[in-house]
Structures are given as C-alpha cells and as structure tokens.
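Number of protein chains: 2
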Amino acid sequence: MPKYLPILEWGRSYRADAFANDLVAAIIVTIMLIPQSLAYALLAGLPPQIGLYASMLPLVAYALFGTSRTLAVGPVAVLSLMTAAAAGKVAAQGTPEYVAAALLLAFLSGAILVLLGLFRLGFLANFLSHPVISGFITASGLIIAASQLKHLLGVGGGGYNLIEIARSLYSQLGDVNVSTLIIGVTSLAFLFWVRKGLKPLLERLGFESRWAGMVARTGPVAVVIAGIAVVSGFQLDQHGVRIVGTIPVGLPEFALPPMDFDLWQALLGSAVLLSVLGFVESVSVAQTLAAKRRQRIDPDQELIGLGAANLAAGVSSGYPVTGGFARSAVNFDAGAETPAAGALTAIGIGLAALFLTPYLYFLPQAVLAATIIVAVSTLMDFSAIRRAWVYSKHDFAAMSATILATLLVGVELGVTTGVVLSILLHLYNTSRPHFAIVGQVPGTQHFRNIERHDVVTSDCALTIRVDESLYFANAWFLEDTVYGLIAQRPGLQHLVLMCPAVNHIDTSGLESLEAINQRLRDAGVTLHLSEVKGPVMDRLKRTHFLKHLTGQVFLHQYEAMQALDSHCAEQAVDS
Amino acid sequence: MPKYLPILEWGRSYRADAFANDLVAAIIVTIMLIPQSLAYALLAGLPPQIGLYASMLPLVAYALFGTSRTLAVGPVAVLSLMTAAAAGKVAAQGTPEYVAAALLLAFLSGAILVLLGLFRLGFLANFLSHPVISGFITASGLIIAASQLKHLLGVGGGGYNLIEIARSLYSQLGDVNVSTLIIGVTSLAFLFWVRKGLKPLLERLGFESRWAGMVARTGPVAVVIAGIAVVSGFQLDQHGVRIVGTIPVGLPEFALPPMDFDLWQALLGSAVLLSVLGFVESVSVAQTLAAKRRQRIDPDQELIGLGAANLAAGVSSGYPVTGGFARSAVNFDAGAETPAAGALTAIGIGLAALFLTPYLYFLPQAVLAATIIVAVSTLMDFSAIRRAWVYSKHDFAAMSATILATLLVGVELGVTTGVVLSILLHLYNTSRPHFAIVGQVPGTQHFRNIERHDVVTSDCALTIRVDESLYFANAWFLEDTVYGLIAQRPGLQHLVLMCPAVNHIDTSGLESLEAINQRLRDAGVTLHLSEVKGPVMDRLKRTHFLKHLTGQVFLHQYEAMQALDSHCAEQAVDS
Chain R
1 MPKYLPILEW
11 GRSYRADAFA
21 NDLVAAIIVT
31 IMLIPQSLAY
41 ALLAGLPPQI
51 GLYASMLPLV
61 AYALFGTSRT
71 LAVGPVAVLS
81 LMTAAAAGKV
91 AAQGTPEYVA
101 AALLLAFLSG
111 AILVLLGLFR
121 LGFLANFLSH
131 PVISGFITAS
141 GLIIAASQLK
151 HLLGVGGGGY
161 NLIEIARSLY
171 SQLGDVNVST
181 LIIGVTSLAF
191 LFWVRKGLKP
201 LLERLGFESR
211 WAGMVARTGP
221 VAVVIAGIAV
231 VSGFQLDQHG
241 VRIVGTIPVG
251 LPEFALPPMD
261 FDLWQALLGS
271 AVLLSVLGFV
281 ESVSVAQTLA
291 AKRRQRIDPD
301 QELIGLGAAN
311 LAAGVSSGYP
321 VTGGFARSAV
331 NFDAGAETPA
341 AGALTAIGIG
351 LAALFLTPYL
361 YFLPQAVLAA
371 TIIVAVSTLM
381 DFSAIRRAWV
391 YSKHDFAAMS
401 ATILATLLVG
411 VELGVTTGVV
421 LSILLHLYNT
431 SRPHFAIVGQ
441 VPGTQHFRNI
451 ERHDVVTSDC
461 ALTIRVDESL
471 YFANAWFLED
481 TVYGLIAQRP
491 GLQHLVLMCP
501 AVNHIDTSGL
511 ESLEAINQRL
521 RDAGVTLHLS
531 EVKGPVMDRL
541 KRTHFLKHLT
551 GQVFLHQYEA
561 MQALDSHCAE
571 QAVDS
Chain Z
576 MPKYLPILEW
586 GRSYRADAFA
596 NDLVAAIIVT
606 IMLIPQSLAY
616 ALLAGLPPQI
626 GLYASMLPLV
636 AYALFGTSRT
646 LAVGPVAVLS
656 LMTAAAAGKV
666 AAQGTPEYVA
676 AALLLAFLSG
686 AILVLLGLFR
696 LGFLANFLSH
706 PVISGFITAS
716 GLIIAASQLK
726 HLLGVGGGGY
736 NLIEIARSLY
746 SQLGDVNVST
756 LIIGVTSLAF
766 LFWVRKGLKP
776 LLERLGFESR
786 WAGMVARTGP
796 VAVVIAGIAV
806 VSGFQLDQHG
816 VRIVGTIPVG
826 LPEFALPPMD
836 FDLWQALLGS
846 AVLLSVLGFV
856 ESVSVAQTLA
866 AKRRQRIDPD
876 QELIGLGAAN
886 LAAGVSSGYP
896 VTGGFARSAV
906 NFDAGAETPA
916 AGALTAIGIG
926 LAALFLTPYL
936 YFLPQAVLAA
946 TIIVAVSTLM
956 DFSAIRRAWV
966 YSKHDFAAMS
976 ATILATLLVG
986 VELGVTTGVV
996 LSILLHLYNT
1006 SRPHFAIVGQ
1016 VPGTQHFRNI
1026 ERHDVVTSDC
1036 ALTIRVDESL
1046 YFANAWFLED
1056 TVYGLIAQRP
1066 GLQHLVLMCP
1076 AVNHIDTSGL
1086 ESLEAINQRL
1096 RDAGVTLHLS
1106 EVKGPVMDRL
1116 KRTHFLKHLT
1126 GQVFLHQYEA
1136 MQALDSHCAE
1146 QAVDS
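Those protein sequences? They're chains R and Z, same order as listed. The first sequence maps to residues 1 to 575 in the working numbering. The second sequence maps to residues 576 to 1150 in the working numbering.
Bound conformation, chain R alone (with noise of 0.2 Å):
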C-alpha cells in the first residue's frame, strides 16, 4: 500500500519548517496559477471557473499519489488546445456538452493514466520520440499563439488548425475594436518586457537572482489588475470590449461524468492522446527538478498520481490537467519541499473562487489572450529544427510531418503522424543494417573495418562484423549480404560472423542463420561465429541451431583468427 501512496512516506517526517517553505510557495505559485487558470480555461473554450476549479482537487489528488517534490499540476496550454480540439467534435463551445465533454476527457485520461500505471505500462510513453514532441509543442504554441489573435482584435471566430484560423481571423478583419486591440497589444508588450527586462533590472537593484526572477513570473498579475482597472475606470465594456463577466462564486460541484457510451467512445481516442502527451510533458519536467535536488521520480507512479489528478478534475467539474514547466519551476524556486505545497495551493484556489471572483468581473480577455502568447512563446524551439536537420535526417523527417500535419490538419492527426513515422524509420534503419567487413589491427588483438583502419585480412577466412540485432525486419537483408559476399570470394573456405552488436536474434533471424549455414555447407565454406553476447548465447543453446552449426563459437574474434589462420596455412600446405 505505501507503494501507492507516497504521502505515506514523506508526510512522516513532515516538520514545521518545512510547512512554512512549502506554504511560501504555495503563496506565489497561487498569486500565479490565478489568472493562468482563467486564461487557460478561455483557450480551452470552457467558461472561466472551469480553470479554478481544475486548480482545486486536482492538486490535492497529486499531493496524495504524486512522487515528485515540487512539480506543480494544473491546467496547461497545451491540454488546453486539446481538449478544444477533442470537445469541439461532439459539442459547439459554449453549450453545456461541450463543458461535459472536457469534463469526461479529464476523466477518461485519469482512468487511463491510472490502468497504465498499475499495468506498468509507463514505457509506452517512449514511443514520443524527443523530435516529435519538440515539434508538437511549437507548432501547438504556434496554433494556440493564432488563436489568440481574435481576443487581442476583439473579433469573434474559432479554428483548430492555421488555416482555419487564418480563414476566420481575415473574414472577421473589419470588425476589429480599436480598444481591445491598444489593451491587447500594451498587456503583450509589457508581459514581453517583464519577461526580458525586468529580471536584469531587478539584480542591477540588488535583488537576489532567485527572487529576481520570482518577481518578474508575477507579470501577469500586475497585467490583470491593470487591465480590471482601465476597463472598469473607462468603462470600456460599454465600448465593445469584451470581458470575463460573472464568474459563478463557490466551489466546484461534485458529480460523475455523464455515462453516455457513445460520447465515451467518441473521445476515447483523444483522451489516450491527452493522456500521453500530458504525462510526457509531466515527467520530463518533473524528471529535470528532481534531478537537481538528487530526488528520483518513479514513472510508474507518476501515471498513477497524474490519474488521479486527472480523476479528481473529472468528478469535480474541471478538465484535463497536468504538471506545468513554468509554474513548477516558479514553485521549485519558491523552495517548495513536499507535495503538500500542492494542497496548500489548492485551498489558496479554493479562497479565491470564494472571495475573489467579483473583483475579476472586468478582467479584459484580451489581457489573458495576452498572458497565453507569452506563456506559449517559451515553448517554442525552433532551433531544434535545425539541430535535428544537422544530425539525423530521419529525426528531421519525423519531426517536420509532425509539425506540417499541427499546423495545418490539427493537433491529434500531428502527434500521430509523428509517432507513427518514427516508429516506420525506426524500423526502416535496422532493416538495412550496417555491415563491415573486419581485419585484425596489427600488434593488437583489435578488429576494426577493413575501410576505415590499416588491418591485416585472411583470403582464406573472411569476418563480416554484423551491426544490428538479427530480428524479422533484417533477416531477408542478413541473407542476402551474406551469399553477396560469398559469391565474390571463391577462394573462401571460413566465414566469421562477429557479433558483438547483435543484441537480440529473434525467430526469424535464427532461421536466416540456419540457412545461412546450410547453403554455405553446400558451397564448401564453414561458418563461425564470435563474440556473442551471453543472453543471446543462452538463447541459442536452446535450439539444435549450435549443433548444426558447420564451425565454432569463439568467445573472441582473436581466438577465432588464431584458429583460422593455422587451420588455413594447414590447407595451403596440403593443396
């Protein structure tokens, strides 16, 4: 049991003063995830209390399950796009099946978040390869950047992919408001400035870099209380300018997501992909604190603690969360030490849904469109582009599909383009694999390829140096190398497969072997092997592979040249 509630542990030794860290950070992560929630409710289509509440219960279900320190969960950019993505295909935005559906998206990710985890199944996540994801995050910042146009224009329009957006955003173009746009651009520039200027000037004045940048994280609130005071002060809501409204005070209602089966089966597609893509996001930001304090996370666990979080937003009237880089990295700084920072920002959420949503009442969204674009705008790599393009083109092919089929067809056809071609190039690369011909360094007991090093060879025995696993997708290759190089050789009476790459031989590529040694019996050439790994070795004594084998097994390749050599200067004696 403990093994699933690592509250069990850390919370023994819970001491005072680490309440009083973890009750700092909860302060400044709250100050924070105030009007990140409300922005990313907005970017989700969800009305803005949908934010807070995703803010509460949530939190506390990953203090309980959760085993990072300090990774801060919440709603995220983007799952926020996601969900939009995934909702908009069963209901319009802004009726309450639409809210439902982000609703049962949260919960059907935390179901699979928590089997995934119980099964062990974490490794799945591998699956996104770094490229893929790194493309999937830019051109998701990218989409979500455009999507907010229409808020800093104040015009009205949707889309879930470049084009569509463009196509709404330019028909929409003589109706932009001229206010929303000065409040827009402003919020923008100065939330621009915060995060680029104000951090330098804050040290030149003698703060600490740590609180320095604390500071400059809190940026957005200074925009939100600037811009509710502008709007109000002018009454710029009677000037077309839109704004939050009545946010509904109190806390989340609690309720079972609707046990519609048809709309379960509609948006479980989405919900794996939302599951994935957030628990990736989570752990590599979870993985990177723990690491700097010399903390482990358990990955296993993590999907159980992400579930439940996941879980807890869909009984309690949220929608997808996750574990956020900024605001865990604010939180991290602030010296948070336990999970229970989690909880305490929780009930700093609670106290805000009950006292501070009237004074938000004139909140401009173009303010939190502003706050969403800078947010996204760290997210973008573009480099990595480049640098993958440097070093693997194959990288850069998964890579630029998942980024063309974001930005141009949406966010769930991308991720499973991109998944999908790394896994075929994947496969493509080991099924031609790299082959060497070798030859003995001379004065060493060394093997290197016969093009790249100064090596003595034999006519008489010839050592292919495989570079693969021998497994079904190469098998037909291995064959076909091996009777190529034969033919080419007349003379040759031993061939030697050096295997100290080959890691794995499945049924096939024993098969391939064992007529790989049959035809070169029929030719007259004995085939060895050396250097074979001890689990593939083990695995081979299991057949009647080794007892049909024409040569030897040499443990290494300088024994089994030993052999060779004396063995071939007996026949040329003889002939």
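These aren't lab readings, by the way, just hints derived from the structure by calculation.
Computed from the model, here is a short list of chain Z residues facing chain R with C-beta under 8 Å:
no., residue
1, Phe702
2, Pro706
3, Pro1110
Computed from a prediction, not measured in an experiment: that's the story for all the values here. The beta-carbon is built from N, C-alpha and C at its ideal position, and this holds for glycine as well.
With chain R's structure known, arrange chain Z on it following the hints.
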C-alpha cells in the same frame, strides 16, 4: 529497360535443349494445374473457369517480368481464401458483382505490387516475421480444410472463420448426402495414400526418386478422372452429388476492371494484404529454389513480375495469383530451365479451356474439395508453434495471436494482428535494453560481463556496456539505469559507456547522453565513451556533444582502462 525485362537477358541465349526441358516441365505442370485451378476457384467461391483464366495470361506476364527461372505462378490456396473473405464483404457468392470484386482485387494488388517494385519498397514485406507467416498459413490451412468439409458432406453453408463454419455445418448435419460422402472420403484417403505411400512404392519398384515424386504429384488427376467416371457411370448427379457442371468453352474475355470508386476504396485494404502475403509466399519459394541451383532472384523485380501477373489476371477475367510452393517444386523437379516453361503452361491451360472443359462436366465437387484438403495439409506446420515457444516467448505470443485471430475472426484481422504485435513486441524488447557492467579478463585485452566471467574491475572507474542502439524507445531507460548505478557508488570518479553494440544514436538518444554528461558533471563524475562505431562517431562529430563531453572517446576499452587506471592511481596518491 533490360533491368525491368529479365526476358531480354535469358531470352537471348535460349536454345532448343532448354526449350525441350521447359516443354516437358510445362506438360507436367499443366496436368497438375488443371484440377488445382478448378479447386482453388471453388475455394474462392468463383465459377471454375475463373481458375483456368487465372492460369493463362498471368503466367505469360510473369514469364516476361519475373526473375525466378522456376517459379510456377497461378491460383493458390491462401490467396483464394483471402479473396473469398474480401469479395464476400462487398457482394454475395454467385453474383456477377462477386466475380467483379475478385477481378478488381487482382487488378489492385497488381498495381500495388508494381508500385512497390518501382519504388524498391520490397523491404516492407520484412515486417511479416517468420512466426507470423507460419502461424497465419497454419491457421488459414485449418480454415480452408474446415470450409471444404461441406463439399465432402454434400451440404451447403459457408463462413470465413472456424466459428461460422462450425455453426453452419452443425445446422445442416441432417442433409448429408451419402454418395457425396463416400466419393469425398475415398478420394481423400486415396490422395493421402498417394502422398505418403506411392513414392516409396514406386522407388521400390525401381523408379528414380525424382520421377517417383513427380508421378505421386499427379494423384489428383487420377482422382479427377475416377470421380468423373463414377458420377457419369452411375448418374450420381441425379442423386444429389454436386458436380462442376457446364464450364464455358473458350478463352477469357479481356476488359478493364469496374471503375467504381467506392468499390476500389472498399477493397484497397484487402488488396494490400493480398499483395504483401502473395509476395512473401512467392519470394520465399523462389529464393529456396534459386539457391539450389546457385541462381539469384531480385526481390524488387519480383514485385514487378508478380504485379504484372496480377494486373494480367485483372484484365483477363482472373483473380489474385502468386507463386505456389508445390507447383513450383514440380516445375523445378521436372527440369524447367527458364520462365518460358510458364508461358508454355499457359498454352496448355488455354488448350484445356478450349477442348477439355466438356469432359469435366461430371467432375464431383467433393473430389476437388479432397484435393484442396490434401494440398493445405502440407502447408500446416504445428511444430513451429512448439519451436517458437522454446526459443522466444515473444515470437510465440505473436504467432499464437495470429493463429487465434485468424481462426476465430478471419484472415485479414489475423495477419494484421500478427504484424502489429510483432512490431510492438520488438519495440518493447529494445525499450528495456540489456546493460552489463564489464571488467577485464585477466591477462587479455578483453572486457566481459562481471556476472558471467571472472574479471578485474576498479573502484574509481566503472564501465557499462550498453547492449542496444540508443533511440527514442529506450532513451529514458538509459538515463534511469546510469543514475541508478551512480547512486550506489559514492567513490566513483569515471564512468565509461562501452558502445560496441550501439549501432545508432538518434536525436532522443543524443539528448539523453547530453543530459547524462551534464548530471554526472554536477555529481563530480567524468563521462567517457569507448569503442564507438565509425558511423555513430561520424554523426556525433556533427554535434556539440563531443565538445561538451567531460571525458574522452577511446577507440578501445583496453586503452580506456589503461588511461583511467593511471589517473585513478595518481588521485589516490594525491589524497
């Protein structure tokens, strides 16, 4: 151009003695192919003449474009079953639409094969692993045999999986026709005896083994003649014995397949499966036979040859074809020297369609069913299941899933399940790679796993051999493993990653290495690499990784240990 027309190569040196040999082989194959083509058409749910048509023009097309000297193309059991399953989804057996669907399947798979060949994508066939193919063929054989029971019993019914077939047979057990049953069971018993007992008998009578084998292969012809004689002699067709009936005399009509876009779309997926399976079956037959005479076949050109054969079937009233094992073996044993034997066989079948069909009127369907059952009984390989179990549980799992899905649901789901599962299991395998801590074998320059060998290690420098390429599926696992090992060894100063088995490092793997390098640096441990392969090193040189690397890259682990041992010794003196 000659590259795509192998006939230009062998045709130039075609001589009279080769023609004589090809003619003899063609006559024997024709005799064998007449009952086979009728039987397989019956299995596919098509009128018998379609089987003959599929054995004419396609053979000529393969003779022009194929690279195997001895492959005998035509209808085969597994593709006939798959055709029935696919065409049955869009039309009812016995309707013109059903025949049109079968024809379109041939045309579509022909087009797919030619495209794959032109783009040299033959390697895609590798994704069908040996256990999956073997399991699929065994399961298909069981379904085929079960589906023919109705003809032996003289009842109706249908079904594309074991459950459907059993249910359909059970409901009609009361209608069994005794005459049909006697003919069927007698034919079956005779054919099994011919296969097992006739060849040894003929050999004892002094026949040469090769010819005894070939005579034994003509068993079906004898049963066909006997069946016709019995049914026409006793007028058993008046007593409920189902016969082949009128086969239209003449050659096939030429026409393009129906240009119905919806139908194309409905059949495209099935056509993909048909083409890939047909190709895999055919190429393995062709390679086996080619190797016996030290000839080679070109898989990409084989795609074009088989594609041309199927396109020909699609425009000449045929249905999907490929190279058959039994028939090709007879062709080979009978001495066929060039693909011209195939063209001569086509002429033989043409003559049969023109002059022989009236004599086949009384041929009982039960006899054809018996020949099918005996033919597929040789395809089934139950011992392969046991072998897979012993050698690899993963391969056994992929094989069993293929067999169960094929038997219980159908051929298409069966083969898809097998392919997807074997890819997932392969990725799973490589996502948790084997790591070994290695030490020096005393008195040598070799380094082996400390758990398997008596080796010398150092407290100050640890060497980990990574037994897998570093790519997205195992990037996290690598980091986790390294951090875990470091955490247990507080006095450690140097970590060497020994990479003889690292065949690729993709962008995700590179980023993990960078993270490891950085975190080890923070922990005061220097990271070194040894035995990095040439192609991997070339790629690393294009990045900043080698600049950031805290330690060195050693060509051989022995050099690494010499350098680090002296370094560790100095440190020990200093402290």
